[in-house]
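Enquirer: Go by the hints and put chain S onto chain U.
Heads up: the sequence lines are chains U and S, in that order.
For the first sequence, the working numbering begins at 8 and goes up steadily by one.
For the second sequence, the working numbering begins at 8 and goes up steadily by one.
I should point out that these hints are in silico values taken from the structure, not numbers from a laboratory.
Even for Gly, the Cβ is constructed at its ideal location relative to N, Cα and C.
Treat the hints with caution; some may be incorrect.
[Said to hold, decoys possible] One side of the interface only, derived from the structure: several residues of chain S facing chain U at Cβ under 7 Å:
hint: 1; residue: Gln-49
hint: 2; residue: Val-145
hint: 3; residue: Asp-147
hint: 4; residue: Gly-170
hint: 5; residue: Ala-197
hint: 6; residue: Val-305
hint: 7; residue: Asp-306
hint: 8; residue: Val-316
hint: 9; residue: Ala-326
hint: 10; residue: Asp-327
hint: 11; residue: Gln-434
hint: 12; residue: His-573
[As the list claims (entries may be wrong)] What the simulated footprint calls covered on chain U by chain S, stretch by stretch (three residues with Cβ under 8 Å from a Cβ of chain S suffice, anywhere in the stretch; the number is not a length):
hint: 13; region: 136 to 142
hint: 14; region: 299 to 308
hint: 15; region: 323 to 337
Number of protein chains: 2
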Amino acid sequence: MAETFFTVEILPDGTKVRARAGEVLADVLVRAGLPLSLYCRQRGVCGKCAVRILSGPLPFPEPNEAALLRDRGLGPDHRLACQYLVRGHVSVETLPGSRLEKIAVLDAGPPSAAYVDPAVKRLCLVLEKPPLRSPTAVADDLRARLKSPGLALALPALSKLGGAALGPARPIAAILYDDRELLDIEPDEAGRELYGLAVDLGTTTVALELVDLRTGQAADRVSAVNAQASYGADVVSRITFAFENPDNLRRLRTAAVQLVNDLIGTMCRRTGVPRHRIYDAVVAGNTAMNHIFCGVAVDTLALAPFQAVFSSLPPFPAADIGLALHPQARVYVSPNVKSFVGGDITAGLAASGLAAASGPALFIDLGTNGEIVVKKGGEFAATSTAAGPAFEGMNISCGMLAVPGAVDRAGWAGGFKLRTIDDLPPQGVCGTGLIDILAVALARGLLGRDGRIQGPEKRLRLTDRLSLTQQDVRDVQLAVGAVRSGVELMLREFRVKAADLDRVLVAGSFGSSLDLGNAVALGLLPDVPLDRIAFVGNSSLAGARLFLVSRPARAAAEALAARIGHVSLAVRPDFQEEFVRALEFDRYPKGDS
Amino acid sequence: MAETFFTVEILPDGTKVRARAGEVLADVLVRAGLPLSLYCRQRGVCGKCAVRILSGPLPFPEPNEAALLRDRGLGPDHRLACQYLVRGHVSVETLPGSRLEKIAVLDAGPPSAAYVDPAVKRLCLVLEKPPLRSPTAVADDLRARLKSPGLALALPALSKLGGAALGPARPIAAILYDDRELLDIEPDEAGRELYGLAVDLGTTTVALELVDLRTGQAADRVSAVNAQASYGADVVSRITFAFENPDNLRRLRTAAVQLVNDLIGTMCRRTGVPRHRIYDAVVAGNTAMNHIFCGVAVDTLALAPFQAVFSSLPPFPAADIGLALHPQARVYVSPNVKSFVGGDITAGLAASGLAAASGPALFIDLGTNGEIVVKKGGEFAATSTAAGPAFEGMNISCGMLAVPGAVDRAGWAGGFKLRTIDDLPPQGVCGTGLIDILAVALARGLLGRDGRIQGPEKRLRLTDRLSLTQQDVRDVQLAVGAVRSGVELMLREFRVKAADLDRVLVAGSFGSSLDLGNAVALGLLPDVPLDRIAFVGNSSLAGARLFLVSRPARAAAEALAARIGHVSLAVRPDFQEEFVRALEFDRYPKGDS
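Only chain U is shown next, with the shape it has when bound in the complex (with noise of 0.2 Å):
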């Protein structure tokens, strides 16, 4: 039987394109390049991806489809896309509130984009009553209004579908998790915001975005030092700390969540939104820190073979590790990659795009740990270098956080001449002024090839109370020394010249705020044109917004995490060589100087 064929004109774009007879409009959209909103993805219970006949065949909307439109304030020529069959010729107007959004990931950067797709979402609906005769259960009937047959119902929430306040006939709202379980059942009046709270759990700073998860934007975003600090500057002395007496564990734990909950309380207060209209919170740290928060035990990652215990966790309620959010929120933790590439890594791989990335890239975490992740062609491998906490301006004599009063920049009039945070009196340097510092004193010859300060005196004299010391400066050059020599056998590894790299993406606060032509001179970063190398920012707190806000991102962040290989640097015969000869400060006297 040949089959039928019938026109469907899409406006205001003016496309064209042929249909089957009785397929659904939602699908004839999408293969038009017009997707529209996935928000129930076709179950038709949301309304969101509603159009507007202009002509056409027009039957009478089901009384949950006329209900939505209603609800939207459309009128009676409209109908949703993902339950309109067409049935003959049809002109169609799409409406701007139902195509598919798409958000911005990251703050800097390159573009990158991803559809609004929460994994919590929030479904409006109407009971009916059942049948006297044979009364179906009220969590059947929803499940069957939702038509997500294999729906989970938490206790709580069946318990509210079985008190009065929501009985058949009144309009409520079911709060789902990746349309699998029901974590809340509300009357509709009860308010539509929907939260999530992204959180990028670094070693020295924690930093938190409260996120509207319908829109995909940070509605407020706070930082603070992670209050671990106290039990051990960085991850190697936090896992001794916890390794030595269970109760340490503990105590890291408790200091981080409570921090995260004084910070969660910060937001709230600010933007007015309650902590129970956050449900989703999606953590991204590295392998010790997401252990920790989660209060698994780091006793495997303190000794050799240095075995994380997990790679990737299913999403488990925010209530068993004391966050304070909706008593049903869930915590999903960005997958780790290995036991010393962690979910920061992978969140910051899925939010800098280094996937979609054509030729060979490379993509640099700048922190207390510098992590380096290679792609060639299909293949993926990551390591970890242990930069140590120069970087973020600590173990340095007049170091400090890039804070105000921090010098961030440097340069050389007669003398170093220094740009602070908020431009007020140096108090100390941070990471990104001692890469400055040494560039300059590098080019001014105050410091040999070999890292040594030149001059009697054996320091760097910036103002009369901030000087660096021998030792300080040999803490940042086997920093960059630790990167460098990282870089360097990751690309031997993959038999790919630094020259042939298409992009590199140098993630972290420290990073974003560089001199990119100091930190390339200096050997921090690979020797390639300036305009190939790009600033993502904090990409690990961006990728925890990116998944809450998209599945999908979720799904493909899974699958890379257990795709990338991990290269042990250690046990590469020419490691120690290679280390050595970063160490040296080759690309002086620069061409520009």
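Expert: Using the frame of chain U, we list chain S on its own:
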């Protein structure tokens, strides 16, 4: 290409079967009607399907296989049937301990059996050290070792995996739930006990069994009056009480949960089994009882159209409702058929094997409610009749529960001849005693067919102190009439004549001690040859035990509960007429009196 076949000789049976080259020996044995243990479902991780290879190829075993065989004290000529591939003619001897074990389900009644395949299993293993170069996550090693790639791990279990006590190269034991979740992990020497809890949550009586999940046998049994009774004797009064005030729901729930926790304590003391060795609980109760036990509001059960909130419920953590078992123990609630036919009936049907009956069959559970299920061909339908508490001896002037001192049987020898439980002096009359007394009184003409007490005294005098009033007789008459009319109408609905019933299964502890002849003569049971009637005892408790021990039985019960139709007798036009007719004791005078 022609396939190659080999002969497999199976001893001690002496059976010979043909096997394709490369076929798994365990599958060959299943085909030969000799199924082996399903414990780990052919993943080669439990060692329970070991056989002895008497002749034929004997390749070296894998290290894990060798360890499992050693653990069972078996020699080098043994192999796991699930790992052994047939590569030549082979002669094998099955071991008694490797065969799939059947358990008896019911204490009384028709034989019925299931294979031991519990939701909770304990598997012993040794994790190997991963390579230093690229260490895998411990959880991933465990998943690979258990051949369960999707295994979910609760955070506390994960934390133990990360602890020093369970490092690689030590024998550890994984406690799995339904092959998909790790409940706990412990050193193997922690003890191999594995228990489950079966709960029959009756309106009047709560009965518990502590079940050894390795054998399927009850280690202990205990029962007590439902502590909720102080808030109302029957289901309706408890629903009403819960409906009045949300705090009342909590009171009811707490009463039941505390009672169950106390009874668990009693069994644990008596048997020496620690609470934390109980990993699974199955609760079978009527719809209102299981809702309340789970803390789910029952407002929708209080008002028309009398909706249950849930029918089937995925297993959830026991800690969520305050049951004091292993911290990660799960609770499975036997699925409800409909609002007034609960999980106790589903459990009873599963245990009594109604689904397996060949001809038309009837299942009657005689409790405070009389639930009736008819089977005809592949169709099932259920209804519930309000028998009231008379069968439990409640609301009768001299009534009492079936406890020591209760009159449980009666005959005639120039006056009522009474038997009491434990031969104590008669303190009151329980349900079975009431049936006998009415039957005797009818046979002796002390009672008219309309239930009126003959003679001036208007009492049936039993002893100096005990007698039944007209009101007592009326209550029993109403209870019998409710069940009788329910049975008549259900048979009419299904166009089945009582005489055509192949099997009548009578459940409930009341039912089990009933005098069959009297029950039929009085009209409580349908008029069929007595050998077609079987008492199945507390089939709700037996079903709960079955669900603990057999996962396939759970799956079958879920399917059955979803399939059973519900008949609302009260909306039938002939309901009133039939009920009035059923109040007449029209089978008197009996043929034999």
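Enquirer: Next, verify each hint and record whether it holds.
Expert: Comparing the hints with the structure gives:
1. Gln-49: violated (25 Å)
2. Val-145: Since the shortest Cβ distance to chain U is 5 Å, the answer is holds.
3. Asp-147: With a closest approach of 6 Å, the S/Asp-147 hint holds.
4. Gly-170: Since the shortest Cβ distance to chain U is 4 Å, the answer is holds.
5. Ala-197: With Cβ-Cβ at 17 Å, over 7 Å, it is violated.
6. Val-305: holds (6 Å)
7. Asp-306: holds (4 Å)
8. Val-316: Because about 4 Å separates S/Val-316 from the closest Cβ in chain U, which is inside the 7 Å limit, the hint holds.
9. Ala-326: violated (11 Å)
10. Asp-327: Because about 6 Å separates S/Asp-327 from the closest Cβ in chain U, which is inside the 7 Å limit, the hint holds.
11. Gln-434: violated (40 Å)
12. His-573: Since the shortest Cβ distance to chain U is 5 Å, the answer is holds.
13. 136 to 142: It holds, with 7 qualifying residues against the three required.
14. 299 to 308: With 8 residues in contact (Cβ-Cβ under 8 Å with chain S), the coverage given for the region 299 to 308 of chain U holds.
15. 323 to 337: Result for this restraint: holds, n = 3.
Hint check: violations occur at hints 1, 5, 9, 11; the rest are consistent with the structure.
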